[in-house]
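K.L.:
Now for the letters of each chain:
Protein chains: 2
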Amino acid sequence: MELLQKKILKYGRVFDGNILKVDSFLNHQVDINLLTKVGEQFAKQFKAHGVTKILTIEASGIIVAAFTAQKLNVPMLFAKKTQSKNLSSSVYTTHVMSYTHGKVYDIFVEKEYLNANDTVLIVDDFLANGQALLGLIDIVKQSGAKLVGCGVAIEKGFQGGGDKLRSQGIRVESLACIDSMTDNTLVFRQ
Amino acid sequence: MELLQKKILKYGRVFDGNILKVDSFLNHQVDINLLTKVGEQFAKQFKAHGVTKILTIEASGIIVAAFTAQKLNVPMLFAKKTQSKNLSSSVYTTHVMSYTHGKVYDIFVEKEYLNANDTVLIVDDFLANGQALLGLIDIVKQSGAKLVGCGVAIEKGFQGGGDKLRSQGIRVESLACIDSMTDNTLVFRQ
Numbered sequence: 109m110e111l112l113q114k115k116i117l118k119y120g121r122v123f124d125g126n127i128l129k130v131d132s133f134l135n136h137q138v139d140i141n142l143l144t145k146v147g148e149q150f151a152k153q154f155k156a157h158g159v160t161k162i163l164t165i166e167a168s169g170i171i172v173a174a175f176t177a178q179k180l181n182v183p184m185l186f187a188k189k190t191q192s193k194n195l196s197s198s199v200y201t202t203h204v205m206s207y208t209h210g211k212v213y214d215i216f217v218e219k220e221y222l223n224a225n226d227t228v229l230i231v232d233d234f235l236a237n238g239q240a241l242l243g244l245i246d247i248v249k250q251s252g253a254k255l256v257g258c259g260v261a262i263e264k265g266f267q268g269g270g271d272k273l274r275s276q277g278i279r280v281e282s283l284a285c286i287d288s289m290t291d292n293t294l295v296f297r298q
Numbered sequence: 109m110e111l112l113q114k115k116i117l118k119y120g121r122v123f124d125g126n127i128l129k130v131d132s133f134l135n136h137q138v139d140i141n142l143l144t145k146v147g148e149q150f151a152k153q154f155k156a157h158g159v160t161k162i163l164t165i166e167a168s169g170i171i172v173a174a175f176t177a178q179k180l181n182v183p184m185l186f187a188k189k190t191q192s193k194n195l196s197s198s199v200y201t202t203h204v205m206s207y208t209h210g211k212v213y214d215i216f217v218e219k220e221y222l223n224a225n226d227t228v229l230i231v232d233d234f235l236a237n238g239q240a241l242l243g244l245i246d247i248v249k250q251s252g253a254k255l256v257g258c259g260v261a262i263e264k265g266f267q268g269g270g271d272k273l274r275s276q277g278i279r280v281e282s283l284a285c286i287d288s289m290t291d292n293t294l295v296f297r298q
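Heads up: the protein sequence lines correspond to chains A and B, in order.
Sequential numbering from 109 applies to the first sequence in the working numbering.
Sequential numbering from 109 applies to the second sequence in the working numbering.
Think of the hints as simulated: they come from the structure by calculation, not from any bench.
Since the structure is predicted, the reported quantities are computational estimates derived from the model, not experimental observations.
Hints may contain errors.
In this list, chains with the same sequence are indistinguishable; a pair is considered to hold if it fits within one copy or across any two.
What the hints assert, rightly or not - Below, computed lysine-lysine pairings styled on DSS-like, alpha-carbon distance capped at 30 Å:
(1) Lys179 with Lys211
(2) Lys254 with Lys115
(3) Lys219 with Lys115
(4) Lys129 with Lys249
(5) Lys211 with Lys155
(6) Lys254 with Lys155
(7) Lys114 with Lys249
(8) Lys219 with Lys118
(9) Lys114 with Lys219
(10) Lys152 with Lys211
(11) Lys114 with Lys129
(12) Lys211 with Lys272
(13) Lys145 with Lys211
(14) Lys254 with Lys118
(15) Lys254 with Lys129
(16) Lys179 with Lys152
Generate coordinates for the entire structure from the input sequences, incorporating the hints supplied.
P.N.:
Structure, rendered in structure tokens:
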């Protein structure tokens, strides 16, 4: 997606530890016109598959999911990272390793909102090692729902998570896939 | 907002500890048509005030903010609850007491995304004791930006947070304000 790649080149900043800081437009401050187009793009790519629900994980995945769900006119559902008083005891749960935060955490989805009648599109803002997507895929499996694939705004291709999922037969679409990244150069996959 | 009140009456469930569970349509699974209308309503209520930025707090506030920002055609910004590797050291920060999670936590906003040139509308999904809004208001004050008011989808009026803010001269608009709540009865403020 040319618009997203241009934004990354113009406003993205690279820091030590493979950190790509894009929080001026994607995951802290949010460029709503860009995100609306990201949602439209995923809707276009997956609309033929009868999606009934968009699944993501809090927090920044919610923005991508909201605009994708809006365009496909289906509900969205976001996995929670804390089991608050508002969750029932009847949840799907799995472990996720976060490299950004340097820890393992559990995610939760109420069973009543996802079941074998659903056809699910998973979306997220970032894909690096693929741990968050693996967690969400595990929850879809637990629910018996059909998974049509995963849509991510930015894939750090050089970290291998996306290709690992593709090698397992999972459809993964990213709108900007970065194959290499240094302080001065970003190379997108063609 | 009649549509939201109808949803609460139909799908909301009341639990001990003043918990109103609305996660079938608002803050876990999300009814996108409803939330689009929530955003349109806040845009209508505040559009005369030259809003330049929508501010909220992760996670579920993001959905309300996204659709409000879309309608007002301005960026949104969400305060973070963890200081991850992606945040710089130059942040506004303040403490927030969460009754839902039973703890105090810090929230963070990058200074470069909010300053004295901004005119800010704060939005959130819920208002109970008003602690999250107080934290966001404090961050707006630190930035020197102008605050036009706060828009919340559901206000638990009987918990007093909204009226306390109003008594301080802050404009607070809620689309469904609950004045009393038991297992069998919900009374909305007229």
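K.L.:
Hint by hint, say whether it matches the structure.
P.N.:
To see whether the hints hold, each was checked on the structure:
1. Lys179 with Lys211: neither (34 Å within a copy, 37 Å between copies)
2. Lys254 with Lys115: The answer is between: 28 Å across copies meets 30 Å, while 33 Å in one copy does not.
3. Lys219 with Lys115: Result: close only across copies, 20 Å inter versus 38 Å intra.
4. Lys129 with Lys249: between (32 Å within a copy, 26 Å between copies)
5. Lys211 with Lys155: Neither. Shortest intra-copy (35 Å) and inter-copy (42 Å) distances fail the 30 Å Cα cut-off.
6. Lys254 with Lys155: within (14 Å within a copy, 42 Å between copies)
7. Lys114 with Lys249: The answer is neither: 36 Å in one copy and 34 Å across copies each exceed 30 Å.
8. Lys219 with Lys118: For Lys219 and Lys118, only the inter-copy Cα distance (20 Å) is at most 30 Å; the intra-copy one is 42 Å.
9. Lys114 with Lys219: So Lys114 and Lys219 pass the 30 Å test across copies only (24 Å; inside, 40 Å).
10. Lys152 with Lys211: Neither: 35 Å inside a copy, 42 Å across copies.
11. Lys114 with Lys129: within (14 Å within a copy, 42 Å between copies)
12. Lys211 with Lys272: within (21 Å within a copy, 39 Å between copies)
13. Lys145 with Lys211: Cα proximity of Lys145 and Lys211: none, with 32 Å in one copy and 38 Å across.
14. Lys254 with Lys118: For Lys254 and Lys118, only the inter-copy Cα distance (29 Å) is at most 30 Å; the intra-copy one is 38 Å.
15. Lys254 with Lys129: between (33 Å within a copy, 27 Å between copies)
16. Lys179 with Lys152: both (9 Å within a copy, 22 Å between copies)
Violated hints, listed in ascending order, are 1, 5, 7, 10, 13; each of the other numbered hints is respected by the structure.
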